[in-house]
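Respectively, the protein sequence lines represent chains A and B. Residue 289 in my numbering sits at position 289 of the first sequence, and the numbers go up by one each step. If you want my numbering, it's the 1-based position in the second sequence plus 347.
Misleading hints may appear alongside valid ones.
What the hints assert, rightly or not - In silico PhoX-like pairs for lysine-lysine, Cα to Cα no more than 25 Å straight-line: (1) B:Lys425 / A:Lys225; (2) B:Lys425 / A:Lys135; (3) B:Lys712 / A:Lys225; (4) B:Lys425 / B:Lys515.
Hints are computed from structural coordinates only; laboratory data are not their basis.
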Amino acid sequence: MTALFTAPQPGLGQRVTHSLGGVAKARETGILLALIIIVAAATIKNPSFLFSADGFRDLLLTPSILLLVAVGQAIIIITRNVDLSVGSTLGLTAYLTGRLFIDVPGIPIVAVFAIGIVFGGLLGLVNGALVAFAKVPSLVITLGTLYAYRGINVLWTGSDRINSSDFPKAFLGLGTQQILYIPVLTLIALVVLIAAGYYLRNLRGGRELYAIGSDPQAANLYGLKVTQRVLVAFIVCGALAGLAGVLYAARYGTVNSQAGSGFELQAVGAAVIGGVAIFGGSGTVWGAAIGAYLLFTINRALPILGVQDFWQRAVVGVLIIGAIVLDRVLALRSTRKLVEARDAGNV
Amino acid sequence: MSSSTDASTPALELTRIAKAFGAVIALTNGTLALHPGSIHALVGENGAGKSTLVKIIAGLYQRDSGDFTLGGETVDFKSTAESKNAGIAVIYQEPTLFPDLSVTENIFMGRQPTLSLGRIDRKAMHTQALELFERLGVRIDPDRPTLGLSIADQQLIEIAKAISLDAKVLVMDEPTAALSGVEVERLFAVARSLRDEGRALLFISHRFDEVFDLCDTVTVMRDGAYISTSPIADTTVEKIVREMVGRDVATLFPKEEAAIGDEVLVVEGLTEAGVFHDISFSVRSGEIVALAGLVGAGRSEIARAIFGVDGYSSGSVKVNGRVVPKRNPAKAMQLGIALVPEDRRKQGLVLESSVSGNATLAIRKQLTASGFLTKNAENAAARIWASRLEVKTFALDTEAGTLSGGNQQKVVLAKWLATNPSVLIIDEPTRGIDVGTKAEVHRLLSQLAGEGLAILMISSELPEVLGMADRVLVVREGRITADQPRATATAETVMLAATQSLEAAK
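Start from the sequences, fold in the hints, and give me the full structure.
Below you can see the structure in the form of structure tokens.
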């Protein structure tokens with residue numbers, strides 16, 4: 001089992017060292033490779049993993065909600081922040097979705113989506129405002145709102161549970177429907193992913209997010225609107241968690257007060273595994289998306305490959321630590337090169 | 348050199364600018380006029396207010412009073428973005444680049460050329476970056492990340508940034524501090540061509556040969572105030588140094604005569620590549636030796652290496668004839684070295700802990716009775732030193748963080764003196780301490796030397812160095828460039844040794 005996961009890594013390391021500019025690409029190719037190997041291995045062991053209608057659908061469908069949250073998280077981490085409250089935001093929005101269908105009979109599905117996104121954005125705004133204006137590290141703020149939002153959720157939900165019978169058929173259909181074999185949920189996630197990827201790569205605002213995460217002080221000296229950009233990043237991250245909350249309700253049909261708990265760490269994990277450096281300034285949402293798929297697919301593939309249940313989490317842990325260590329090693333390597341070059345120049 | 352600087356209106360003019368941070372007055376009279384087509388030098392001691400002035404020009408700080416005009420019109424910059432938009436580019440001592448982003452992106456961040464719908468035109472950006480570098484006559488791959496570039500290359504990117512902004516005023520804050528001879532020449536060539544294009548340049552440097560080589564006008568500042576401006580042709584290094592120092596320093600902090608005994612601390616050939624080179628000196632008991640020099644010359648690094656906080660590649664340190672091992676502060680303490688660091692709040696004190704807790708921190712082991720530490724034992728030990736050093740506090744359980752700077756320094760001193768050291772290394776003993784308490788700290792040091800302690804004092808303040816030290820070692824760029832006894836050391840000789848670059852010394 002270990003061979004499976006360590007195998008692609010030396011190759012990855014070598015390719016990375018070839019050129020610094022290729023780091024990001026190599027990282028994404030590396031984990032994409034890991035994903036393909038896992039899917040291939042699981043499929044060889046049990047062909048229905050990929051080649052049954054359900055198997056293929058699940059492969060695409062299950063990680064889609066995490067993908068949305070991971071994209072938001074990646075945007076935040078790129079600015080050298082973190083949002084730990086996304087799981088709670090997701091849960092709160094999922095419950096709100098259920099309440100809307102129960103309390104406002106006949107409400108259009110589009111309106112529910114809009115309300116969920118705006119609501120998530122507002123929760124993100126609270127995070128962003130506290131981080132940007134109170135100048136408290138986002139880790140602390142969002143750890144606080146993680147509990148606060150969940151607390152509100154518990155207070156509001158109580159022991160209540162929203163069941164699939166409370167949702168309109170058309171809404172639940174969204175959770176499982178497919179267009180040309182591709183689940184609708186996956187399509188929505190893809191659209192968001194492409195939009196975010198395009199923004200981060202091709203628009204000024206997106207590039208400034210990288211600059212801010214790369215060196216916040218330099219960004220300030222440079223005259224970039226650091227506060228405003230970080231605030232917007234948190235709103236977007238919250239809005240995506242809100243969208244994910246609505247889709248969560250559509251996908252699973254039941255929502256209780258604990259919906260989405262633990263999502264925040266999976267989202268951080270997906271981003272980090274996907275090559276979004278935890279120190280900010282580098283990585284892409286594409287990597288985070290592949291990371292999200294890798295996380296979920298591993299969980300499904302390991303039992304098929306005969307790995308016992310309790311090892312699964314350990315494997316995820318190894319992946320996360322491996323990704324962070326790899327980032328650190330690369331950073332140290334280039335710093336050392338800089339010092340050597342400087343000394344050679346001086347003597 | 349072109350000399351059409353008199354008739355035109357200044358590109359940038361500062362008149363009687365004042366700036367205070369709370370009770371600390373950084374600038375009382377900042378006055379400066381930069382003309383188009385001129386390279387203007389700004390010189391002054393550490394803490395003379397140069398950096399504050401630069402930050403006001405950059406829009407990072409806002410002035411409290413005074414006039415700030417740009418091309419004849421009054422301006423009020425609230426942010427660095429505003430000053431940049433007005434055509435001012437500032438190159439800070441440390442380049443401020445985004446290490447993860449490409450060279451090209453660093454140049455154009457925030458104002459990238461765009462296609463329709465705001466899409467960044469990478470091709471155009473790339474071409475423009477190449478054009479800029481061609482104009483500067485340098486070869487840097489525009490697509491590589493700035494991470495890993497030398498300081499010199501990073502500075503050139505900053506300059507490329509300034510040119511692409513079409514800045515009318517270019518401020519360079521000690522750009523040559525980290526550059527080698529060739530790199531300095533290349534930078535100067537670029538600076539001259541910018542001057543010839545009619546831009547106004549401000550050049551801040553401690554190296555007088557560079558100032559005289561490059562600049563046409565020089566302004567001297569001292570203690571946050573303007574002293575003089577003169578054409579470079581009409582002045583001399585000696586005159587500038589006199590204006591920079593400009594006060595009677597001999598009488599401020601008299602050290603009492605102490606019996607000078609045997610060599611206690613002996614440092615031989617200490618070298619760490621890129622930090623300090625071939626550092627050899629000794630300190631005798633009863634002697635105060637000052638390590639003078641500019642900020643960043645490597646003095647604190649030498650102290651940290653002696654104490655064992657940082658390593659070194661060759662050389663040796665001995666205390667009372669016994670070798671102090673590398674990278675082992677605990678052993679250094681045991682052998683009798685005490686280090687009072689520069690940043691006492693961060694490295695010297697536990698701010699949340701009490702005065703007595705802090706004062707006895709280094710001797711905890713000796714105070715414990717069968718493994719337990721009692722408040723009484725702590726207080727008893729602390730009381731001795733608190734009273735000897737006259738720490739002004741109501742109670743020994745006052746939180747150290749609430750004390751004044753001077754009293755904090757005394758607590759740190761108490762902590763180390765309690766270990767009964769034979770060598771005291773003290774880094775910037777009076778930084779951030781008000782004038783009255785300063786004299787008291789000096790009296791203390793003098794008294795300790797009188798009791799036979801060997802003291803190595805790092806100080807950036809010339810009056811302190813000249814008043815307190817029996818011997819002055821001047822460090823410049825990681826090397827000791829002068830060793831002057833008290834009798835012959837003057838502000839001018841120390842300043843010259845601290846600033847002349849290697850070429851001039853040869």
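Quiz prompt | Hint numbers contradicted by this structure | solution = 3
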